[in-house]
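Enquirer: Residue numbers (this note's numbering): 15 to 147.
No false leads were slipped in.
Between beta-carbon pairs, the in silico distance windows are:
#1 GLY130 <-> ALA21: 13 to 23 Å
#2 LEU126 <-> SER98: 29 to 39 Å
#3 PRO79 <-> PHE48: 32 to 42 Å
#4 ILE90 <-> VAL33: 17 to 27 Å
Please keep in mind that the hints were generated in silico from the structure rather than gathered at the bench.
Remember, it's a predicted structure, so these values are computed and weren't measured experimentally.
C-beta atoms are modelled at their ideal positions from N, C-alpha and C, and glycine is treated no differently.
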Amino acid sequence: MTGVRPAVVVVVDLVCLLVFAAVGRGSHEEGWSFLGVFAVAWPFVTAAALGWVITRIWRAPAVFPSGVVIWACAWIGGQALRVSLTSHQLAWSFVLVSGIALAVLLLGWRLLVTLGVRRWSAADGGARSPSEL
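All chains should be modelled from the sequences, with the hints used to inform the complete structure.
Expert: Have a look at this one:
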């Protein structure tokens, strides 16, 4: 994923986290209001932001190790913020489901881009760089 702009990484991560929150609310028939989605998403977004800083996302947005660290921060930190700063209790089923869902979203798009860039570079004979994305 070298060459992918850090701002793109952050925006795609934010979209993934909002999708996670919206789907979660929808699966519990809680509605699709912006404030409702934000109420679910903010702990995970805040924790992911910590991951962006820890990994210095502006330098290495790759799947490993940056993407894994961001996923772990969003998942574990999001759970910690959610429980400590809201009225939610720790539900182990939510911990498990959120870990899987966040991995699919936050690591999945990175993996697809990485594989796509490699395939594109190989098909192109390496004539263009991935930074042209």
